[in-house]
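J.: So the protein lines, in turn, are chains H and D. Here the first sequence stands for residues 15 to 168, numbered as in this note's numbering. Here the second sequence stands for residues 49 to 508, numbered as in this note's numbering.
Don't take every hint at face value.
[Stated by the list, open to error] Selected chain D positions facing chain H (Cβ under 8 Å, derived; list incomplete):
{"no.": "1", "residue": "244"}
{"no.": "2", "residue": "265"}
{"no.": "3", "residue": "267"}
{"no.": "4", "residue": "268"}
{"no.": "5", "residue": "295"}
{"no.": "6", "residue": "337"}
{"no.": "7", "residue": "470"}
{"no.": "8", "residue": "471"}
{"no.": "9", "residue": "507"}
FYI, nobody ran anything at the bench for these hints, they're computed from the structure. A virtual CB, placed ideally from N, CA and C, is assigned to each residue, including glycine.
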Amino acid sequence: MARRALWLVGLVAGVLGASGDAPSAEPASAIAVIVYSDNTTALSASDLEDMFRRRKLAWPDGERVIPLNAVPESELRKQFDRVVLGMSPEEVARYWLDQRIRGAGSAPREVGDVFLTLKLIGRLKGAIGYVPGDADRRGVRTVAWIRDGKLVMR
Amino acid sequence: MRRCPTATIATIATIATSLAAGPALGEPAASESSAAPAPAPAPAGGLEARIAKLEAELAQLKAASDADLVSATTTSEAEASDKEPMFRLYGFIDMGVQKLWAADDVALPTTKTTFVLGNINLYFDFHPAAEWSSLVEARLTNAPSDDERPGIPQFGQPYARFDNTAPDPGNGDGYDAVRWGAIVLERAYIQWQRWAQLGVRVGQFLTPYGIWNVDHGTPTLISLFRPKAQSNQMFPEHQLGVEAFGRFDLPARWQLEWHGYVSNGRTPGTVALTENKMLGGRAVLSTTRPYAMAFGVSGMHGTYLDAQHNANAVTGAPERPAIVRYDEWAAGVDASLDLGPLRLRGEGALRHKDYRDGARDAWYPGVYVADGFEVDAYMLAAYRIPHTRFEPYLYSEYYYWPTPIGDRLLNASVGLNTYFTPAIQLKIELSRVDWLETTAVGGKASPDETFLAGKLVMGF
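Kindly produce the complete structure, drawing on both the sequences and the hints.
T.: See below:
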């Protein structure tokens, strides 16, 4: 009887697990920068910064770059901005306000959910984004890691 | 109808919880109260059927959950696809209070303390298709309020003020009045850009030169007061024409940004009165590492013509006598450097005007503007005090421009920006302007001025 109940709990956990992040060898504190699975472009740290500053608009094959940001309140976003853009949350907010007033463009789109970020990047050829290191990244390609406050390009 | 995946998952979890916490399978369920009759033991076959039914329900819920997630993804995918939002509205506003200490003259609107409405700028940003966009920036003003012409009663020239008061019969009891205000088009263009290296915009754009005209808005600018190069339009602030622009990557994380344009240049109205178009451009070297810095050069050449449009009373033929005509060129250099909390800015601009004889601007009747140079340079240093909202700054400027009251002036300012949020700040600035080697004109002994202003600024 108890085994039956546990089995059902396990089934539910499986359902939840299949629709969320699967465990990974990387710690959750690390950040994986991911792109569309067939995107084999080798990125530099400068490329990554330019994409999220919207200064680089296209991939080498001409596909339009679609940067996807986490929401500003998330630790994921704060860490990414600090390491990749070299800016604090306030500096990022000011940067995009300044860019808008100059008429120089708007900030990347924000996606509030890691699972959704993975889904979108798995489907949009030009997309680039980032997720926690322990997220299930099947269907996307990891191009860089942020570990211990450092950016490591793959 | 779409179902919420979160709710679906919650339903699954509820079933699982109830199963885990509920009666053990094959055993009688505990009674809810001692008064309630104990249920009869379920037969083993019934329990198997119940398990099968729950499993089927779980499978259905799982399928529905997946469908919901896919649906939710698809919806968000449409929102976060490579298409920009069709329309965005943003902008900035500033307003506050100011006071000018100066010897009064007929050109000053007031020397009294006055509340002022600064900028109310709305940006209408359209993206109807990938690579295509349009930006319209409209400034809402009270103009032409305060448009007045000084009078000289002894010479029979009466004082005149533009009256923009109009009846407002649709408001109140039908006898109300309203003071209408005008809209200033700061920019309005259609833009195409596929690559970072090349974009083209057609319409009215801000002239790409220096730091001030690019930063443009009070939330972005550090200082409250504008340099003379800006307020006296050594380069025209706006252009109506075609601008190409782009950015190239250079080694070591440097970038080269370029702009080139052909336009009507300065015009008394909006259409060109001469075939000589204004040609200009700008190049900027910039990087963000190890510090954000940029170094720019700008230049332009153009012809200004103000011509009347008359008809000859005898022949009926049109005549277009030139009232003012000059050729001009201008060059500018600028540099900006951000060293952590320290922000440094500097600009220099040089302009030359070459008039045609008989078609010169006049300072006042009988006194005409000479050919020559106009020079402006400023330095600005701002320091954001760490862990505070405060950014004090110092500003100094040198300006050379031959006028009847003097040729050179020095400006020294001190200011304080207080950031309540990244988008909301209070700017306070005290500025002192000293003319060097001045000449008394129009009964005004000294043209020197002290100006204090405080403005609340909001970007949105």
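J.: Give a verdict on every hint.
T.: Against the structure, the hints:
1. 244: holds (5 Å)
2. 265: The hint holds - residue 265 of chain D has a Cβ within 8 Å of chain H, the shortest such distance being about 4 Å.
3. 267: holds (6 Å)
4. 268: Interface hint status for residue 268 of chain D: holds (5 Å vs cutoff 8 Å).
5. 295: With Cβ-Cβ at 6 Å, under 8 Å, it holds.
6. 337: holds (7 Å)
7. 470: Hint holds; residue 470 of chain D Cβ to chain H Cβ min 4 Å, cut 8 Å.
8. 471: Hint on residue 471 of chain D: holds, closest Cβ of chain H at ~6 Å, below 8 Å.
9. 507: Since chain H brings a Cβ to about 5 Å from residue 507 of chain D, closer than 8 Å, the hint holds.
In summary, the structure agrees with every hint in the numbered list given earlier.
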